[in-house]
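2 protein chains.
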Amino acid sequence: MEMDLNAQVKKACFLQRLKDFPSKLKDGVTKHIKHVQKFGKDDPRRIIHSIKVGLSLTLVSMLYYVRPLYNSFGVSGMWAILTVVVVSEFTVGGTLSKGLNRAFATLIAGALGVGAVHLARLCGHKGEPIVLGILVFSLGAAATFSRFFPRIKQRYDYGALIFILTFSMVAVSGYRTDEILVIAYQRLSTILIGGTICILVSIFVFPVWAGEDLHKMVANNIIKLANSLEGFEGEYFPSSEKTSKGTNSSVREYKSILTSKSTEDTLANLARWEPGHGRFRLRHPWTKYLKIAGLVRQCAIHFEVLNGCVLSDAKAPQDFISKIQEPCSIISREAGEALKAIAKSIKTMSRYHVCVNTHIKNSKNAIENLRLALKVSFPETDKDLLEIIPVVTMASTLIDIVSYVEKISESVDEFSVLAHFKENLDPKLSPELGQHHLLHKGTVKPVLEGDNEEECNNSPHVVIAVHDEQPPTVNENNVNLGAEKTTVVVV
Amino acid sequence: MEMDLNAQVKKACFLQRLKDFPSKLKDGVTKHIKHVQKFGKDDPRRIIHSIKVGLSLTLVSMLYYVRPLYNSFGVSGMWAILTVVVVSEFTVGGTLSKGLNRAFATLIAGALGVGAVHLARLCGHKGEPIVLGILVFSLGAAATFSRFFPRIKQRYDYGALIFILTFSMVAVSGYRTDEILVIAYQRLSTILIGGTICILVSIFVFPVWAGEDLHKMVANNIIKLANSLEGFEGEYFPSSEKTSKGTNSSVREYKSILTSKSTEDTLANLARWEPGHGRFRLRHPWTKYLKIAGLVRQCAIHFEVLNGCVLSDAKAPQDFISKIQEPCSIISREAGEALKAIAKSIKTMSRYHVCVNTHIKNSKNAIENLRLALKVSFPETDKDLLEIIPVVTMASTLIDIVSYVEKISESVDEFSVLAHFKENLDPKLSPELGQHHLLHKGTVKPVLEGDNEEECNNSPHVVIAVHDEQPPTVNENNVNLGAEKTTVVVV
Numbered sequence: 296m297e298m299d300l301n302a303q304v305k306k307a308c309f310l311q312r313l314k315d316f317p318s319k320l321k322d323g324v325t326k327h328i329k330h331v332q333k334f335g336k337d338d339p340r341r342i343i344h345s346i347k348v349g350l351s352l353t354l355v356s357m358l359y360y361v362r363p364l365y366n367s368f369g370v371s372g373m374w375a376i377l378t379v380v381v382v383s384e385f386t387v388g389g390t391l392s393k394g395l396n397r398a399f400a401t402l403i404a405g406a407l408g409v410g411a412v413h414l415a416r417l418c419g420h421k422g423e424p425i426v427l428g429i430l431v432f433s434l435g436a437a438a439t440f441s442r443f444f445p446r447i448k449q450r451y452d453y454g455a456l457i458f459i460l461t462f463s464m465v466a467v468s469g470y471r472t473d474e475i476l477v478i479a480y481q482r483l484s485t486i487l488i489g490g491t492i493c494i495l496v497s498i499f500v501f502p503v504w505a506g507e508d509l510h511k512m513v514a515n516n517i518i519k520l521a522n523s524l525e526g527f528e529g530e531y532f533p534s535s536e537k538t539s540k541g542t543n544s545s546v547r548e549y550k551s552i553l554t555s556k557s558t559e560d561t562l563a564n565l566a567r568w569e570p571g572h573g574r575f576r577l578r579h580p581w582t583k584y585l586k587i588a589g590l591v592r593q594c595a596i597h598f599e600v601l602n603g604c605v606l607s608d609a610k611a612p613q614d615f616i617s618k619i620q621e622p623c624s625i626i627s628r629e630a631g632e633a634l635k636a637i638a639k640s641i642k643t644m645s646r647y648h649v650c651v652n653t654h655i656k657n658s659k660n661a662i663e664n665l666r667l668a669l670k671v672s673f674p675e676t677d678k679d680l681l682e683i684i685p686v687v688t689m690a691s692t693l694i695d696i697v698s699y700v701e702k703i704s705e706s707v708d709e710f711s712v713l714a715h716f717k718e719n720l721d722p723k724l725s726p727e728l729g730q731h732h733l734l735h736k737g738t739v740k741p742v743l744e745g746d747n748e749e750e751c752n753n754s755p756h757v758v759i760a761v762h763d764e765q766p767p768t769v770n771e772n773n774v775n776l777g778a779e780k781t782t783v784v785v786v
Numbered sequence: 296m297e298m299d300l301n302a303q304v305k306k307a308c309f310l311q312r313l314k315d316f317p318s319k320l321k322d323g324v325t326k327h328i329k330h331v332q333k334f335g336k337d338d339p340r341r342i343i344h345s346i347k348v349g350l351s352l353t354l355v356s357m358l359y360y361v362r363p364l365y366n367s368f369g370v371s372g373m374w375a376i377l378t379v380v381v382v383s384e385f386t387v388g389g390t391l392s393k394g395l396n397r398a399f400a401t402l403i404a405g406a407l408g409v410g411a412v413h414l415a416r417l418c419g420h421k422g423e424p425i426v427l428g429i430l431v432f433s434l435g436a437a438a439t440f441s442r443f444f445p446r447i448k449q450r451y452d453y454g455a456l457i458f459i460l461t462f463s464m465v466a467v468s469g470y471r472t473d474e475i476l477v478i479a480y481q482r483l484s485t486i487l488i489g490g491t492i493c494i495l496v497s498i499f500v501f502p503v504w505a506g507e508d509l510h511k512m513v514a515n516n517i518i519k520l521a522n523s524l525e526g527f528e529g530e531y532f533p534s535s536e537k538t539s540k541g542t543n544s545s546v547r548e549y550k551s552i553l554t555s556k557s558t559e560d561t562l563a564n565l566a567r568w569e570p571g572h573g574r575f576r577l578r579h580p581w582t583k584y585l586k587i588a589g590l591v592r593q594c595a596i597h598f599e600v601l602n603g604c605v606l607s608d609a610k611a612p613q614d615f616i617s618k619i620q621e622p623c624s625i626i627s628r629e630a631g632e633a634l635k636a637i638a639k640s641i642k643t644m645s646r647y648h649v650c651v652n653t654h655i656k657n658s659k660n661a662i663e664n665l666r667l668a669l670k671v672s673f674p675e676t677d678k679d680l681l682e683i684i685p686v687v688t689m690a691s692t693l694i695d696i697v698s699y700v701e702k703i704s705e706s707v708d709e710f711s712v713l714a715h716f717k718e719n720l721d722p723k724l725s726p727e728l729g730q731h732h733l734l735h736k737g738t739v740k741p742v743l744e745g746d747n748e749e750e751c752n753n754s755p756h757v758v759i760a761v762h763d764e765q766p767p768t769v770n771e772n773n774v775n776l777g778a779e780k781t782t783v784v785v786v
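Chains A and B supply the protein sequences, listed in that same order. Each residue of the first sequence is one higher than the one before, counting from 296 in this note's numbering. Each residue of the second sequence is one higher than the one before, counting from 296 in this note's numbering.
If a hint is listed, it holds; no wrong ones were tucked in.
Pairs involving identical chains hold if they fit within one copy or between any two copies, as the list cannot separate such chains.
Keeping only pairs whose Cα atoms sit at most 20 Å apart, straight-line, the calculated PhoX-like set for lysine-lysine is:
no.: 1; residue 1: K448; residue 2: K333
no.: 2; residue 1: K336; residue 2: K448
no.: 3; residue 1: K448; residue 2: K556
no.: 4; residue 1: K586; residue 2: K550
Think of the hints as simulated: they come from the structure by calculation, not from any bench.
Hey, can you work out the whole structure from these sequences and the hints?
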């Protein structure tokens, strides 16, 4: 009786599950589809790349579908398919690097392979496989060893692989066929066809340039530092006037910079294979980005300490914090502004060094104020002295960060010369920019304050500014009065 | 006349250069050879790997050299050569991952390809290339898109590539040949032969296990932290008694840890493909290494700040430094010892938690002493207060480092349970270990102090220890008195 009941319950359960299955399957499938859609939307270039690969494959299939082409290449056409699949990389640099490596390695290894077969034939029928075996073993081992050298690994790893592959294949198959030159020629020509299709599709159909990605990545990392600094100010001094709720989540934006080295290295390596494109010339100083990125990462390391101060439970007495709050806020805000200006300078490839230097000077002045504030507000009782240690650490880390911002600015300055950045003046620094002098007979529309920046970037006018050399003064409302004697000439 | 002289000078120069050429060439060649030799000696496994690849290539060439084998496989033997070249990776995990990916992807794509050809043939001679083209385009694009998903990219990237390759090749060549099943079978069988040769050579001829490399790397990174701490003590307090000249170079050993993430990720990923080997079981918790490595890197980030303090010009007054020197020295020494014990625990796969905990407790006690020292020795004049900021930063960073050492110790403890570390007692902590209690009738040879450690690790004896729960006391000579009531039972 009990077993019967048990069986009935089991059956009901099974039926219920069977009933639920379609809806569960539907839920699962829609969830997956949504996930895939979101993934594609996050970076639509992924979808475009997939379509590009499909396109290249369809193009190269013509070697089989079109009778005259099939007649001249025959089954060797599969090398073209193989090449297309293997060489199609996401970035133009990746495709060029693999394509050129493959082409040259096949050429060299094919020639050597043909030579090896001719050499081996001199040794008679019995000696031939032995000589070929020794040659394949030694060249294969030597080329494999060469792949460990960092310089070869970085740029020619794929070439070395294809060298071993082609040499072995030509040398070994040479033992069984007399048409070795035909094989080598067909292999080389189909690889060239496949490689050319890939490279053309990669460059001319929605190209993804590794160099541009690197350029944007470095600029965005600097912006992340700036956002983290802003977020830090809001989180460490919650009473700060400028705090908005949005900034708090940004305080940990710097985290991704700590582990971005390998991506940057790869991009810089691929960018060197790319021809000039957009704003980048052929010999753009790609390796200099790595220097800047290294400094940015060093700076992000100090943010990690700053973040530790934010998360720490041991907070100093509120009155002490409030005494140093103002200089600390100014330091982080000005350093953040300097970082933003540096990032903008990289993004627009124009020099904003006046603006950057002013912000750095402002933050340095604030450091002096901070020192002063620390001097007068050191607590007197023993207990308090220990409590303020985390605050002192925070302050000293902020000072370190400013010195890194300066280093980043210097290295971007150096870079801007090499990369031929265009000279530019930040209109924010020249309050008189609104009142243009009329120097020619046409009517010049007065530029409104809010429009200054766009106007200045886009107009072909030459803007000359003269700045006084005195350090900028920082007043309580944190208005930059650094460029007081600016005169503007619009030609 | 002058031209004549000029020509004579040029000729003399040219002759001189011609004369120097052999010796210069010789110098250059010997320099290169020495460089290559040194590179091979640095990690002899590189040479062994190169020889292994040569060996696999020679073995697979037999498909051509041996008449019966050539008769059955024909020119398809080249797929075996191709497989050997592409699948031979440095580590066993790499070879297995590529080999299995290649085999399964070929199997699935081959079956789908044959199906696609049969489907296309239903649409008549004109419709066939169109249907095939659409299938190749859509499956190629979909598989390419799937390679962007992190989970697929991490483990099945090569499989997806081979899937596209095989499917396109089988589907497209199916248009021109009726022997498509023969082609698919030959391709699959030769790939299996090539892959099997690679995997066997990789596992049985001087194997390089990614798992073991990861294991050693994590342990060595912890040792690097310990060395940097020791070096820091010597460099920051040059008058310290324990300073030897050798330690100073070690202070920046931690630097390599900051950028080791990608190597660790790769090794952990490959290790999961490896079968059980040596001390590691099949389901060894490889991903847990990444957690430990993450904490080690977090700790290394604080070393960067410490290093900044060492390099900083702004040194505090000597009398202030000398007041906090002792607790700081003890903190760094004890934290260093704790790190060394943790690294030893990982290396030997035995638990040394008593030893580690004692050192951590000691360093925590020293932190209390440091706080006390800071309390009594805060300078009174205003100027000095600012001067000591870098020292306070240093001290607070040291305190942070101790908390990270504790976190690392906890995470290694967790890991040791999952990885079945054997229980072990550090003989240094148990002074009574020399006097074993005789519990059975055989003679137990008294263990000498110096031999304890080895004896303890190798003997099959069960060691049971009872510790008192009081925190260890730290006396001036820094002797650990943590485990005072230890009783040892040898069964």
